[in-house]
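Visitor: All chains, please: the whole structure from these sequences, using the hints.
There are 2 protein chains.
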Amino acid sequence: MSPVSLNYGNLLQPRLGSDAAKALDPERLAPGGELDARFQAALERVREGRRSGELGFLDLPDDQRLARQVQEVADSFGQWFHTLVVVGIGGSSLGGRAIAEALLDRHWNEASDEARDHFPRLHFLENADPDSTAALLRQVDLRGALFNVVSKSGGTAETMAQYLIIEDRLREALGDEGVRGHLLFTTDPERGALRRLALEREIPALPVPQNVGGRFSVLSPVGLLPAATTGVDVGELLAGAAEMRARCLRDDLRRNPAGLLSVLLHAADTELDCPVHVFMPYSDRLRALALWFQQLWGESLGKAPTAGPTPLAALGAVDQHSLLQLLMEGPRDKVVIFVRVGRRDEPLELPATHAEHPELAYLGGHTLDELLDTELRATTEALRRRGRPSLTLQVERLDARSLGGLFMLLQVTTVMAGAHYGVDPLNQPGVELGKVLTSGLLGREGVEPPEMAADDEKWTV
Amino acid sequence: MSPVSLNYGNLLQPRLGSDAAKALDPERLAPGGELDARFQAALERVREGRRSGELGFLDLPDDQRLARQVQEVADSFGQWFHTLVVVGIGGSSLGGRAIAEALLDRHWNEASDEARDHFPRLHFLENADPDSTAALLRQVDLRGALFNVVSKSGGTAETMAQYLIIEDRLREALGDEGVRGHLLFTTDPERGALRRLALEREIPALPVPQNVGGRFSVLSPVGLLPAATTGVDVGELLAGAAEMRARCLRDDLRRNPAGLLSVLLHAADTELDCPVHVFMPYSDRLRALALWFQQLWGESLGKAPTAGPTPLAALGAVDQHSLLQLLMEGPRDKVVIFVRVGRRDEPLELPATHAEHPELAYLGGHTLDELLDTELRATTEALRRRGRPSLTLQVERLDARSLGGLFMLLQVTTVMAGAHYGVDPLNQPGVELGKVLTSGLLGREGVEPPEMAADDEKWTV
Chain V
1 MSPVSLNYGN LLQPRLGSDA AKALDPERLA PGGELDARFQ AALERVREGR RSGELGFLDL
61 PDDQRLARQV QEVADSFGQW FHTLVVVGIG GSSLGGRAIA EALLDRHWNE ASDEARDHFP
121 RLHFLENADP DSTAALLRQV DLRGALFNVV SKSGGTAETM AQYLIIEDRL REALGDEGVR
181 GHLLFTTDPE RGALRRLALE REIPALPVPQ NVGGRFSVLS PVGLLPAATT GVDVGELLAG
241 AAEMRARCLR DDLRRNPAGL LSVLLHAADT ELDCPVHVFM PYSDRLRALA LWFQQLWGES
301 LGKAPTAGPT PLAALGAVDQ HSLLQLLMEG PRDKVVIFVR VGRRDEPLEL PATHAEHPEL
361 AYLGGHTLDE LLDTELRATT EALRRRGRPS LTLQVERLDA RSLGGLFMLL QVTTVMAGAH
421 YGVDPLNQPG VELGKVLTSG LLGREGVEPP EMAADDEKWT V
Chain C
1 MSPVSLNYGN LLQPRLGSDA AKALDPERLA PGGELDARFQ AALERVREGR RSGELGFLDL
61 PDDQRLARQV QEVADSFGQW FHTLVVVGIG GSSLGGRAIA EALLDRHWNE ASDEARDHFP
121 RLHFLENADP DSTAALLRQV DLRGALFNVV SKSGGTAETM AQYLIIEDRL REALGDEGVR
181 GHLLFTTDPE RGALRRLALE REIPALPVPQ NVGGRFSVLS PVGLLPAATT GVDVGELLAG
241 AAEMRARCLR DDLRRNPAGL LSVLLHAADT ELDCPVHVFM PYSDRLRALA LWFQQLWGES
301 LGKAPTAGPT PLAALGAVDQ HSLLQLLMEG PRDKVVIFVR VGRRDEPLEL PATHAEHPEL
361 AYLGGHTLDE LLDTELRATT EALRRRGRPS LTLQVERLDA RSLGGLFMLL QVTTVMAGAH
421 YGVDPLNQPG VELGKVLTSG LLGREGVEPP EMAADDEKWT V
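The listed protein sequences derive, respectively, from chains V and C. Last residue of the first sequence: 461 (my numbering), numbering continuous. Last residue of the second sequence: 461 (my numbering), numbering continuous.
Just so you know, these hints were derived from the structure itself, not from any lab. Mixed in with the good hints there might be a few duds.
Said to hold, decoys possible - Listed next, the stretches of chain C that the computed footprint assigns to chain V, with coverage defined by at least 3 CB atoms under 8 Å from CB atoms of chain V:
1. 121-133
2. 256-266
3. 330-340
4. 353-367
To be verified - Not the full set, but computed from the structure, chain V residues with beta-carbon under 10 Å of chain C:
5. A30
6. L122
7. R138
8. L142
9. L146
10. V276
11. L323
12. E349
13. A361
14. R444
Stated by the list, open to error - Here are the computed lysine-lysine pairs in the DSSO-like style, where the Cα-Cα straight-line distance is at most 30 Å:
15. V:K435 to C:K435
16. V:K458 to V:K435
17. V:K458 to C:K22
18. V:K22 to C:K458
19. C:K458 to C:K435
20. V:K435 to C:K22
Glycine is no exception: its CB is placed at the ideal position from the N, C-alpha and C atoms.
Guide: This is how it looks when you write it as structure tokens:
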């Protein structure tokens, strides 16, 4: 069995019913079938993009030089600092968080210094929120903290603002020399303010390859540096990604997980009227992966009034007590992508006690692992019986190798889906207006102060 | 100015454009207008539900006896324990989490025992996930831990399973007496396994009033006990809720925030084709409130193939780097509910340095608070210019009083929206099938083992 597999029967006829408007005909996936033809065109686009160098993320697993550089920086810094704070937002944070939540023990990370091993504690400073920024800076002892400032462009407003505060605090506490010694940048190899600062002040800086965009950067130094610094096996992450890449470049649609996932989700949206794509892992450790996917899917494909599924990050079994009612009985406009995790280290046995309380007794003799997995199976089946489509990503064991595979699978799926939807999955033109308005409102030189529609007090209660 | 206000101009003509298919005519909100008529019918339903006792959550702010009982239990336990673990899922957890994240300093909560004041540290054990359950139990010193097990029915599978494990660990570590002394239940006053156990073994137990459902229970002992135990001013929460209730029972639609919010969101869905309701606070402290709202809105209204908006919990400014592209240029099927927070204690000044780097220089002299708020204003305006609707909930200052107001506002809004959609907002029949299948698969006595559609290996890659 592969570390990551895809089960897609619950989207097909006759398993999900025989109405062609509600379930897909599997014949269309066969060689020469209509969905296969769509896939072949997308696969060709992926190969072209790889040849032309446009899809840099595909080659990250082979970049031994870059991986070694990250590991060396991590090793040299990791031993000197008890805390690593990653300062970045969106694509500069979500990948690293997804790795950390999946592979580090959260409670270990919160444990006291004495209880931890020799790796630094890891924090992410993501939002430009004064409350959480102030709270983190109060908590962290600056003398033992390394700040990894991550911005590909070197000009992200939130991250630059936090950099200004951090630099100021470091200078105050440790003097000019302290500033330099507690900073590490991850940014464009040539351009931008962070790169210029790095050169001027001899601040160490890792590169984000120019052909790797923010939301495709998890396997670049953006995601790898925090991973390597906290003891994650970066080689395994990359090896898992390389294995998955080989599977995602196969010509045979029915053996290509990215091909299947992309044509099926696209068809679910455009043919079965299911534009809401619910990504629902049954594992607390994959909560941040769901947010990472939400960015990847939403920002890559949301490009036209007629195109762009809505990704909804959920969590099993928790959201059975929140969203399941809507999934079962609300509008039939959703397809669920379950993520099922296999073997867990501690299944946690449920004692067979309380024979007098049937609500407790039937659980005894099972494990918590079994309960969670049974709930996933029951929810999948309940949706199927209601004619509601789903897919299941099966992760044999949640480790660096399978996680690397998931990242690669979902990234290739996204690029292929871009071809199906007829949009460029690599850009994000729609966010520019908000940035320009923000700069203008803050009085940035060269940016016109915007005319804002005045708040109308009449419409306030 | 009220602690919580609603600005709704960005959904109306002519501010959002003059096309009636894309923006609502404000005349319809005037007395006798069509939306006012819809509101009056819903308001009557709320009043009826209050009179009949069906809407128990409305009267929680007046229940001084219950609030005192919670405070006494909190005071008597709080001084003996250094850790409070709330064990519950969905409505038994989300409200408490929303209070804790909004009002407690997250990093204070993670700080070492010495650094904290005299209130216990707070954890939520929500998911039946063996990884996170094992990690939490490894971290917590059982001798100083109180477990507040919360399940209204007393039979929630995930919570009962975790109870079995916790009881076993307590007995092992502390003996039979230890078990009793470290448990506190919150459950139905008369029925269910937890209530029976409480009586049999003299375990202290707080009541969830029978006319208060899980997702409407935040101002009952479910949410109040963890709040009171960690030093939140429960009286202020309830006072804020009572103030808001008075505003939400006003006859004049244009002075009734719940009336406006419910008719506008319902009309956005059914008339403007915006069924995706994005709840997007610009504050890390309101992240859990967004999840709480997601449950409230989704589970209350998702009842029919033709009815039920999809709630999407987001976070500003983080999701400007994730979902904003989709909101700006994707399908025009979303309305955003921004939550804007006013005065913050530490605005965090940005030093005016780096004159030679324009990407940094323009931020100097502002505060981080200003940056975040400017981004909210810019994003709202960018959406408006694109003809995309939004609403803004303005919170003058994020404290117990305004938070209580938000809870009440959103709960009344949900009940009114139930009337607009023609569904019962208080039940959740769609989750039953999954529960029955789970029980059957685990071999619960009296439950038929279900026939499951066999996994078809043919559809696995």
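Visitor: Confirm or reject each hint.
Guide: Hints and how they fare:
{"no.": "1", "hint": "121-133", "in the structure": "holds (count 8)"}
{"no.": "2", "hint": "256-266", "in the structure": "holds (count 3)"}
{"no.": "3", "hint": "330-340", "in the structure": "holds (count 5)"}
{"no.": "4", "hint": "353-367", "in the structure": "holds (count 12)"}
{"no.": "5", "hint": "A30", "in the structure": "violated, 12 Å"}
{"no.": "6", "hint": "L122", "in the structure": "violated, 13 Å"}
{"no.": "7", "hint": "R138", "in the structure": "holds, 7 Å"}
{"no.": "8", "hint": "L142", "in the structure": "violated, 15 Å"}
{"no.": "9", "hint": "L146", "in the structure": "violated, 18 Å"}
{"no.": "10", "hint": "V276", "in the structure": "holds, 6 Å"}
{"no.": "11", "hint": "L323", "in the structure": "holds, 5 Å"}
{"no.": "12", "hint": "E349", "in the structure": "holds, 8 Å"}
{"no.": "13", "hint": "A361", "in the structure": "holds, 8 Å"}
{"no.": "14", "hint": "R444", "in the structure": "holds, 4 Å"}
{"no.": "15", "hint": "V:K435 to C:K435", "in the structure": "violated, 47 Å"}
{"no.": "16", "hint": "V:K458 to V:K435", "in the structure": "holds, 28 Å"}
{"no.": "17", "hint": "V:K458 to C:K22", "in the structure": "holds, 20 Å"}
{"no.": "18", "hint": "V:K22 to C:K458", "in the structure": "holds, 20 Å"}
{"no.": "19", "hint": "C:K458 to C:K435", "in the structure": "holds, 28 Å"}
{"no.": "20", "hint": "V:K435 to C:K22", "in the structure": "holds, 25 Å"}
The structure shown violates the earlier hints numbered 5, 6, 8, 9, 15.
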